[in-house]
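Listed below are the residues making up each chain.
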Amino acid sequence: MGASQSAGTEHEFQDLADRTGFSLEQIGNINKRFRQLSNNEETLSREDLASIPALDNNPIRAQIINAFFDKRNLHQNETGTVQEIGFEEFLMVMTHFRPAAMGLTEEERENLRREKLRFLFNMHDTDSDGTINLEEYRRVVEELLSKAGTIGQETAKAIADAAMLEVASTTRGKMEPDEFYEGITFENFLQILNTFDIETRMHVRFLHMDTATLRCGKSK
Amino acid sequence: MSVHALRKSASSSFVFVGIGLPIEASAPAYQSHGTEGSHLTNITNTKKAFPVLAVNYEHVRKPFEIALWILLALLMKLGFHLIPRLSAVVPESCLLIVVGLLVGGLIKVIGEEPPVLDSQLFFLCLLPPIILDAGYFLPIRPFTENVGTILVFAVIGTLWNAFFMGGLLYALCQIESVGLSGVDLLACLLFGSIVSAVDPVAVLAVFEEIHINELVHILVFGESLLNDAVTVVLYNLFEEFSKVGTVTVLDVFLGVVCFFVVSLGGVLVGAIYGFLAAFTSRFTSHTRVIEPLFVFLYSYMAYLSSEMFHLSGIMALIACGVVMRPYVEANISHKSYTTIKYFLKMWSSVSETLIFIFLGVSTVAGPHAWNWTFVITTVILCLVSRVLGVIGLTFIINKFRIVKLTKKDQFIVAYGGLRGAIAFSLGYLLSNSHQMRNLFLTAIITVIFFTVFVQGMTIRPLVELLAVKKKKESKPSINEEIHTEFLDHLLTGVEGVCGHYGHYHWKEKLNRFNKTYVKRWLIAGENFKEPELIAFYRKMELKQAIMMVESGQLPSVLPSTISMQNIQPRAIPRVSKKREEEIRRILRANLQNNKQKMRSRSYSRHTLFDADEEDDVSEVRLRKTKMEMERRMSHYLTVPANRESPRPGVRRVRFESDNQVFSADSFPTVHFEQPSPPSTPDAVSLEEEVPKRPSLKADIEGPRGNASDNHQGELDYQRLARCLSDPGPNKDKEDDDPFMSC
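In the order they appear, the protein sequences are chains A and B.
Numbering follows the working numbering, in which position 48 of the first sequence is assigned residue number 48; successive positions increment by one, without gaps.
Numbering follows the working numbering, in which position 129 of the second sequence is assigned residue number 129; successive positions increment by one, without gaps.
For the record, the hints were derived by calculation from the structure and aren't laboratory data.
Please note that a few of the clues may not be correct.
Taking CB as the label site, the calculated pair distances span [what the hints assert, rightly or not]: (1) A:Ser51 with B:Asn511: 32 to 38 Å; (2) A:Ser23 with B:Val384: 37 to 43 Å; (3) A:Arg139 with B:Glu464: 44 to 50 Å.
Note that beta-carbon positions come from the ideal geometry of N, C-alpha and C, so glycine has one too.
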């Protein structure tokens, strides 16, 4: 089980709760999970995450793990990756998966959208240059289809090409034959996923986590 | 106006037919005229002239009438849409009921007995197509995401409606002044249960025209489908009880058990037939023409079987359609898919039209017992109980939902609870011994009229007024599809990190189970391994190509002038003149041959379409590719200049045109050999379309393919031309292989 919370951390949790919008209970549960994953150490490394059995069959496993260590997701204005993260950073990454609360203003909703889409964008933009170029997009599709055998690999290129074409068509309209479309910028990304109601889809239920078995009890 | 003329002529001919006055009723044409007994006088044996023209109506009476009714109904439908403003204001269902009323009135005026909507006909013939159409094309994702809410509305909402209405009506009947003191509680509850169920036919008819957002649509619609189980149980229960007269606790308990049996049993029966249908479709590759029939017949059998056991037929149909669809669609040809779609739409449209017209006619026909208080109270109570039910349930449900239901949503859900023909038929089924039958029927009809006319007509302006979110019109976008899948995996992963076995975890497990075990059995050939993304992509390409064929456009008039060249990184060295000419010549030669029709051979995997379609599609692709090639060839064919290799550094272009007939082994491929030192990032294959012959080999080299020879086209590609380019990151700056836009 997780380590018991000391009184000192209560205060930290409150501070974190204010900053991230999670409730104290949720933060407590996430903390317990963190401790379980990190074997009661202070920091989490890639190997700790890689050892989670539930991730084994996931085709985009590597990207998910990288996302946790990507500085851009940690609400800091830096790029690059870190080797280990502490609880606070872990929590920061988790904030991207909060559901949209009721009664948000339009602006808040828009900000939430941008935040979540930014997370996705960072996952695709592996060289941190602010655009997703064709190569990176191809890699995304290849990873998605990586469990599909040879058929997947061959069509991955075609699919990625078609997708890129679509983005270019939607965002740039007409282009001269010798113009070059560098890649998907974040604004383009927002545009093509305009109809995607990501603020409702991209969430994980952090509700009542069953602390006894460290699995979230509410399954629906 | 044209409608009136149509109506008059139709009704007059109906009159003619209905009365059945023949011109000359005679036996079959050949008559044995009496042998002219010469000794017989001609007095008794009048020799009739050979009847050149005779009418024998009785012979064809039944089918004739049926066909005429259907034709009348469809002509009405046609007429409505010719009147420009009418169909925008009044929903079709209302118009059809009015027509029914008029026709019924006409028949009555003539003195004939207007036909009533026979319950047997309704439940066995008219209802199944509509439900199957709804179930087969049920949008799965929103349905499963909201299934909890839908079930709560369907089960608890209907129960609440039934008891609330039944109870209050009974209380009403106790009042002396109403004059209905003979009605006991059970009868009222029975009535309540009949009238409380939201009707899928009416909901479909009205909601189809208002294009409301997906969430509300699926909520109301799903509820109307799933409440059938509750209705069936309550109806049977109360009918049994009202015969007996008393209710015990055991009976109530049995009722609850019955509910589970009815609903789960119905779903089970439907699922079994669904799997059977999917399994059958695995083997239909040689008999494509009858594929749609399997879908229809298995579904109908599911419905009939469950009706046989008094299970919920509607749920069986829905389950059957939902279960069989993904597998069947992976197996059947594109044409069969289109056929299924259109037949279902056609039948459900006819059914719906007939149902509404018959409702109108039955209103004129049926025995009526009018009691102002009862009827008015029923209508009001219907509305009140619905609104209360929705609000109350939403309050509870919103605690468990991520996407809460707003007040607007609630209003539409409440207002969209229309009653329809199912209620009427159930009422009609009541045995005549019920002394209140006529009263109930009248009240039911009034409720139906009220909901369909008043609510149906006003819902559209209300939707506009309240600015309820409309359905997003979006084309299928490959980016969205990619990100839907990506998001699914991402959320599963994060749930895993969280240690949370939630929604996505179980969905993932189900998918994996589906892929490893179920698909293997139910999908023909090797298709079952195909991931959804690829299937989606192919479907999109197919649609685009077919669109191009149908519109007769060539790529030069395509709106977007962005093509692969804009995306691909540049810096392509030029090919030497000689090579270029050679390449051009060969390519042109292959392109300009006449196409010959190919016999369609047996299908193997990756089959997407038949020979005919492939012809058209391939023709377009040919022309398109030819033009593209002509334009871009000089830019994009490259020769990596500094390769040491035994052969001249020319890239391999494997090229199969569909112009020539050749056997599986020998292909007149055009080869530009790519020398195969491993440092070469990749080979290029320009692949022409090879749709027609399943056994054609196409070479696709991936980036990992070092030598082009190694991947000797063991992959059959019956799909549209795909020009794959593998630029690969090349350190020598010589990357950016040639490619061609497709």
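Practice item. Quick one: which hint numbers does this structure break? Sort them smallest to largest. Key: 1
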